[in-house]
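Enquirer: Sequence:
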Amino acid sequence: MLLVANRGEVAVRVLRAAADLGIRTVAVYAEDDASSLHVTLADRAVALHGPSPYLDADQLLDAADGCVAVHPGWGFLSENAAFARACSERGLAFVGPSADVLELLGDKRRARELASSLGIPVLDALPGEFPVMVKAVAGGGGKGMRAVYSAEELDAAVEACQAEALAAFGVGDVYFERLMPSARHIEVQLVGTSVIGDRDCSVQLRHQKVVEIAPAPLLDPLLRKALHEAAVALAVAAGYTGVGTVEFLVSGDSFAFLEVNPRLQVEHTVTEMVSGVDLVRTQLLLAWGGDVDFTPRDRGAAVQVRLNQTSGGVLTSFGLPAGPGVRVDTHGYVGYRVGTRYDGLLAKLVVHGEDLDVALNRARRALGEFRVEGVSTNLEFLRSLLARDIVGAPTDFVVEEPVSGMRAPLAGTVVAVSADSVVLEAMKMQHVVRVSGDVLVSVGDTVSEGQVLASGVGESTEDVAEVDLESVRPDLAEVLARHDFDRPEAASRRHARGGRTARENIADLCTSFVEYGGLAIAAQRQRRSLEDLIERTPADGLVAGIGVVNGARVVAMSYDYAVLAGTQGLRNHQKKDRLFALAQQENLPVVLFAEGGGGRPGDTDHSMVSGLDCGSFHAFAQLSGQVPLIGVVAGRCFAGNAVLLGTCDVIIAVEGANIGMGGPAMIEGGGLGAFRPEDIGPLDVQVPNGVVDIAVGSEEEAVAVAKKYLSYFQGTSADWSCADQRLLRHAVPENRLRAYDIRALITTLADTDSVLELRSGFGKAIVTAFIRVEGRPIALIANDPKILGGAIDADAADKCARFLQLADAFDIPVVSLCDTPGFMVGPDAERTATVRHLTRMVVTGANLTVPFGLVILRKAYGLGAQAMAAGSLKVPQFAISWPTGEFGPMGLEGAIKLGFKKELEAIADPDERKQRYDQMVAMAYEHGKALNVASVFEIDDVIDPAETRRWITTALAPATSRSQGKKRPFIDTW
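Residue numbers for the sequence shown, in the numbering used here: 134 to 1107.
Bear in mind the hints are in silico, worked out from the structure with no lab data behind them. Hints should not be assumed to be uniformly reliable.
As the list claims (entries may be wrong) - Calculated pairs, DSSO-like style, for lysine-lysine (alpha carbon to alpha carbon, straight line, at most 27 Å): (1) LYS919 with LYS897; (2) LYS1034 with LYS1062; (3) LYS840 with LYS919; (4) LYS1100 with LYS840; (5) LYS1007 with LYS1035; (6) LYS1062 with LYS1047; (7) LYS1007 with LYS1034; (8) LYS1062 with LYS1007; (9) LYS841 with LYS897; (10) LYS1047 with LYS1035; (11) LYS919 with LYS1062; (12) LYS840 with LYS1034; (13) LYS919 with LYS1099; (14) LYS841 with LYS1035; (15) LYS1100 with LYS1007; (16) LYS1099 with LYS841; (17) LYS1034 with LYS1047.
Unchecked claim - Label-pair restraints from in silico Cβ distances: (18) GLU487 with THR428: 45 to 51 Å; (19) GLN847 with THR1086: 48 to 54 Å; (20) VAL576 with ARG339: 40 to 46 Å.
Glycine residues also receive a C-beta, built at the ideal position from the N, C-alpha and C atoms.
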């Protein structure tokens, strides 16, 4: 048995073809289709229920009990891959292509991609280009299509197309293609990969075909051949089987692919008339595995016209034309109640003649014989249309159909009717349409745009209500009240301690801010009233959203210590997850104000046991190296809050802050003693140990520093100035034994007010700072001769290595100012694991991908100098020295003592020995002078210090920004 999963004319067509082959059939029908002709033609009929019965796959499959195959007809689920696959899973043959082919070709976007890959022209729509055609990705029949000529029309057109496509095919997705005006619509009919013929379907009304002609007239033979070959190429590439159509637009001698209809089409009959191939019979024989001869024969010309109903009613007269070469396919009969819920096709008139003139005259004669009473139709329109010369007409030949009555302004379902209005629902929105005269539709009917709703004269109009712009409706008033987050008492307590509220910090940080989850409340409804939670737990203690800082978008979030001590609750974890995902998707920096007490044990509205499946920490850690992460803390920051803070690239801490992996309760609970919160991780601990990058005096200063830090990751600044660079000539003393102020030197070298030093209290032998040179962000590292004489110890190496990772991750060029006697050595140094820590700096530098420049200020000795040079003097984009530069494989005094030990010991007179030693040292210094090193081209030049900025701006190549994703897996938190 065969289930025919459709209705109307196509169901009748398939049922008759099946009967001719001796195949028993099952029909399905909706409640308002009970009197339809197809119900009486089947061996068994099954009623369907629900609002969209012909789209209900489960009901259709249940109706197929006892069947071996399903014919989907056209429209509805005929191109639905999931339905085809469900049929296969039930052991039913789907009369059509495979589910995989339907997924490919039934999605018009994927079909276009396939065509383009085969070199077949497609109508690509460029962003902002008009006119464009909005089209449904699934289905056909002109449903879900709108031409759009300006950006102002686009949103309304998309909404209308989505609504119409969803109602017709169960899929509301749409896409855009470039509009080709005054083109012809040519189709190529296929069975498998064989061409059966072509047809011209250009005469259309509101993108629905009205007249079809086969074969397509006035088509250049070479162009016809190209169309056929393109259609076959697509079919072969897709592995196509069964009956299908490939559609093209033709303009002059060029063409473009439109879509593939991987199913039987309404207009298949016009091709049957000229090819002699019964396409439905062919479909069924292929499904049953029989031998099929579908060789086409050249049989003159054929014309098809579509008789559409334009209102509902009962057919009181239905006289059909007859005579030679005349065929009428219909499901109508006298007494049939015609509804308006579905497509308006009532009958197809298909005529054949030995040539096109004969066929057209025969069509005109046959239209004159039609007699339809009881419902209004487009019969007169068709008669007037065929009186014109339609051969070779483009798709915009027919502008409008002269139908009397008041039409629907949009497609939708009728949900209410009154004497003067019809309410249409589209995309779950109701539209009140004012009409006059007799209403011609009923509740439940599905109407298309332009369909007649009532018999009155004039245009139907949607209700437009007068509005008072100053009025606040109750629903808006309720929303506005919930968004009033002002809590004066809590703010006063905060201010009394010299602090600011979470919202004040966010407002200071961002010039514009939209909050996500502001209406969230603590998950404690099992133990507290809703009113109490709204009052006392606004935003669940986390103000979070997307804001604008320095003109660029960021994710900004602040724990609110005034709400449950800034603890981490269920809802604010969910908010963090949401915003961390947005930061990842859109590459947005994150600024986190982390004050808070860690996990919250008081939430009750959940089923968790341990909570260890919380994804927030994982999600935030994954952002490391992808986007800048800035942590700001004032007050107490313990446990989970501290973990998030420690994940950040930079920690800005306000005087009086305490940071710890556990608060007093956790410490005491672990049996480790009782401590006050202020005893745990104060800044006099967390600054020198390297946890805090920048210590500030107030939250206001913290926000200012956060903005400045972010600016280095937001590009070049056009507004800059600098100090007189001649000052650099005197920055390094002539006496090589005298220390100097490296920070003063950096301030002079950099743009005015552009220096931001990180971790100044830790690893003091190296300065790490962001600066700008002519507005360009630079990551600067510099030895401090006042600390260990510039020697690099374990802490300084760790600090430098992490800073280099940070610069490399975000494409910020590095400039190194070298003045070091080398790595710190000795037994005490080795107790700090220098072998590992110092080589971390070497490994990191050797693997940098950003531009790197080296400036030797004074000492460049040994492996420490090589580490400051990213591994070698030949690695940087430039390696230059100031006149004070001195070089050597190790400290020169030590080298002399070690290398000439026996020679010096052989001199008995101490004064002579010292004189000889001093001579050797002087010779070594002369040999290691920058000018001598440059003479053998170990460095690129010895320069006037005042020229340093020119070298940086000229020789240091711009970094290449990442297209997306990460350069480094993460940035080491240490």
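Enquirer: Each hint: holds or not?
Expert: Hint check results:
1. LYS919 with LYS897: 9 Å, holds
2. LYS1034 with LYS1062: This hinted pair holds, its Cα atoms lying about 23 Å apart.
3. LYS840 with LYS919: 31 Å, violated
4. LYS1100 with LYS840: Holds. LYS1100 to LYS840 sits at ~24 Å (cutoff 27 Å).
5. LYS1007 with LYS1035: 35 Å, violated
6. LYS1062 with LYS1047: 22 Å, holds
7. LYS1007 with LYS1034: It is violated: about 32 Å lies between the C-alpha atoms, which goes past 27 Å.
8. LYS1062 with LYS1007: 18 Å, holds
9. LYS841 with LYS897: Roughly 22 Å between the alpha carbons, so the hint for LYS841 and LYS897 holds.
10. LYS1047 with LYS1035: 14 Å, holds
11. LYS919 with LYS1062: Judged against 27 Å, a Cα distance of about 22 Å means the pair holds.
12. LYS840 with LYS1034: 57 Å, violated
13. LYS919 with LYS1099: 37 Å, violated
14. LYS841 with LYS1035: 58 Å, violated
15. LYS1100 with LYS1007: Since the Cα atoms of LYS1100 and LYS1007 sit roughly 24 Å apart, the hinted pair holds (cutoff 27 Å).
16. LYS1099 with LYS841: OK: LYS1099 and LYS841 at ~23 Å, within 27 Å.
17. LYS1034 with LYS1047: 12 Å, holds
18. GLU487 with THR428: 45 to 51 Å: 20 Å, violated
19. GLN847 with THR1086: 48 to 54 Å: The hinted range 48 to 54 Å is violated for GLN847 and THR1086, with Cβ atoms some 19 Å apart.
20. VAL576 with ARG339: 40 to 46 Å: Given range 40 to 46 Å: violated, Cβ gap about 24 Å.
Of the numbered hints stated above, those contradicted by the structure are hints 3, 5, 7, 12, 13, 14, 18, 19, 20, listed in ascending order.
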